[in-house]
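Visitor: Numbers in the working numbering are just positions in the sequence shown, counted from 1, shifted up by 1020.
Hints listed in this document are in silico derivations from the structure and should not be mistaken for laboratory results.
We put the beta carbon where it would ideally sit given N, CA and C, even for glycine.
There's no promise every hint is true.
[Said to hold, decoys possible] Dumping the calculated EDC-like pairs for lysine to aspartate or glutamate here, alpha-carbon to alpha-carbon at most 20 angstroms:
| id | residue 1 | residue 2 |
| --- | --- | --- |
| 1 | 1156 | 1181 |
| 2 | 1102 | 1120 |
| 3 | 1095 | 1120 |
| 4 | 1095 | 1076 |
| 5 | 1156 | 1059 |
| 6 | 1095 | 1132 |
| 7 | 1102 | 1063 |
| 8 | 1095 | 1163 |
| 9 | 1095 | 1121 |
| 10 | 1095 | 1119 |
| 11 | 1156 | 1056 |
| 12 | 1042 | 1181 |
[Stated by the list, open to error] Distance windows between CB atoms, simulated:
| id | residue 1 | residue 2 | range |
| --- | --- | --- | --- |
| 13 | 1161 | 1136 | 22 to 30 angstroms |
| 14 | 1132 | 1198 | 34 to 42 angstroms |
| 15 | 1076 | 1024 | 34 to 42 angstroms |
| 16 | 1051 | 1105 | 34 to 42 angstroms |
| 17 | 1054 | 1194 | 18 to 26 angstroms |
| 18 | 1046 | 1155 | 34 to 42 angstroms |
| 19 | 1038 | 1089 | 30 to 38 angstroms |
| 20 | 1091 | 1198 | 34 to 42 angstroms |
| 21 | 1026 | 1195 | 37 to 45 angstroms |
| 22 | 1061 | 1035 | 22 to 30 angstroms |
| 23 | 1162 | 1119 | 14 to 22 angstroms |
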Amino acid sequence: MPEELQITLCDQQAELVREWEKHFHNHSEVEVRLGDLLDVYADAYVSPANSHGWMDGGIDLELRSRFMAGDIETKVQRAISKFGSVLPVGQALIVETDDEDIPYLVVAPTMEVPSFVGMSSNAYKAMAALLRAISKFNSTGDDAISSVAVPGLCTGVGGMEPRVAALQMYQAYLHWLANDD
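Build the full structure now, drawing on both the sequences and the hints.
Guide: Below you can see the structure in the form of structure tokens.
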């Protein structure tokens, strides 16, 4: 079983929060919250960015504003450039924010470019990728991410129905717990 990680699933869409509650209610290490992701205290926030690291809309724009002092978009794009300028859906990376309160940003693309992905498995892929990235990060360094705040994946610009996104995120979480993906 992966290391103890407190996960807060937080979104402003009430329907998505209800769907998360249906799936995650038996997991005490997962908190489900209706509200603003930026009101959650955690070691890391998740950016469901696109594969290019453009942070100019939705929750990514809010994250860019939150971490403006650290020029987070430039850091994200610099980190992505190590993958050849595109971070594929199903991969994730972690960047330092230079923010004392929220030191890390986990970038887990849900789409290559802003587009409809409602019929895809991208919420699963992004959730699985971000959990794997945190596990790898925690196993290789002195610092560790013990808490992470995760917004809805694919439910904004991506257009995925909340029930579908919540189920995909839950399935990825269960596979991560079983350590079999």
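Visitor: Could you run down the list of hints and mark each one as holding or not?
Guide: Quick rundown of the hints versus the structure:
1. Taken as a hint, the residue 1156 and residue 1181 pair is broken in the structure, with Cα atoms around 30 angstroms apart against an allowance of 20 angstroms.
2. This hinted pair does not check out: residue 1102 and residue 1120 have alpha carbons roughly 26 angstroms apart, beyond 20 angstroms.
3. At roughly 16 angstroms between alpha-carbon atoms, residue 1095 and residue 1120 fall within 20 angstroms of each other, so this suggested pair holds.
4. For the proposed pair residue 1095 and residue 1076, the alpha carbon gap of about 14 angstroms is at most 20 angstroms, so the pair holds.
5. For the hint linking residue 1156 to residue 1059, the alpha-carbon distance of about 26 angstroms lies beyond 20 angstroms, and the restraint is violated.
6. For a cut-off of 20 angstroms, the pair hint linking residue 1095 to residue 1132 stands: about 18 angstroms separates their Cα positions.
7. Between residue 1102 and residue 1063, the direct Cα distance comes to roughly 24 angstroms. Violation of the 20 angstroms bound is thereby established for this hinted pair.
8. The suggested pairing of residue 1095 with residue 1163 holds, with an alpha-carbon distance near 19 angstroms, which does not exceed 20 angstroms.
9. At roughly 18 angstroms between alpha-carbon atoms, residue 1095 and residue 1121 fall within 20 angstroms of each other, so this suggested pair holds.
10. Distance restraint check for residue 1095 and residue 1119: the Cα-Cα separation of roughly 13 angstroms lies within the 20 angstroms cut-off, and the hinted pair is therefore satisfied.
11. For the suggested pair residue 1156 and residue 1056, the alpha carbons sit about 28 angstroms apart, so the restraint of at most 20 angstroms is broken.
12. Annotation: proposed proximity of residue 1042 to residue 1181 holds, straight-line Cα distance about 15 angstroms (limit 20 angstroms).
13. A hinted range of 22 to 30 angstroms for the beta carbons of residue 1161 and residue 1136 is inconsistent with their spacing of about 37 angstroms.
14. Distance hint check: the CB atoms of residue 1132 and residue 1198 are about 29 angstroms apart, inconsistent with the given range 34 to 42 angstroms.
15. A hinted range of 34 to 42 angstroms holds for the C-beta pair residue 1076 and residue 1024, which are about 35 angstroms apart.
16. A hinted range of 34 to 42 angstroms holds for the C-beta pair residue 1051 and residue 1105, which are about 35 angstroms apart.
17. Our hint of 18 to 26 angstroms for residue 1054 and residue 1194 holds, since their Cβ atoms are close to 23 angstroms apart.
18. Taking 34 to 42 angstroms as the suggested C-beta distance range, the pair residue 1046 and residue 1155 does not conform, at roughly 21 angstroms.
19. One distance hint, 30 to 38 angstroms for the beta-carbon pair residue 1038 and residue 1089, holds here, with the actual separation near 36 angstroms.
20. The hinted window of 34 to 42 angstroms between residue 1091 and residue 1198 holds, with their beta carbons roughly 38 angstroms apart.
21. Between residue 1026 and residue 1195 the beta carbon distance is about 19 angstroms. The supplied range of 37 to 45 angstroms is therefore violated.
22. For residue 1061 paired with residue 1035, a C-beta distance near 25 angstroms keeps the hint of 22 to 30 angstroms intact.
23. Checked against the hint of 14 to 22 angstroms, the C-beta distance between residue 1162 and residue 1119 comes to roughly 19 angstroms, which is consistent with it.
In terms of the numbered hints stated before, the structure departs from hints 1, 2, 5, 7, 11, 13, 14, 18 and 21, listed from lowest to highest.
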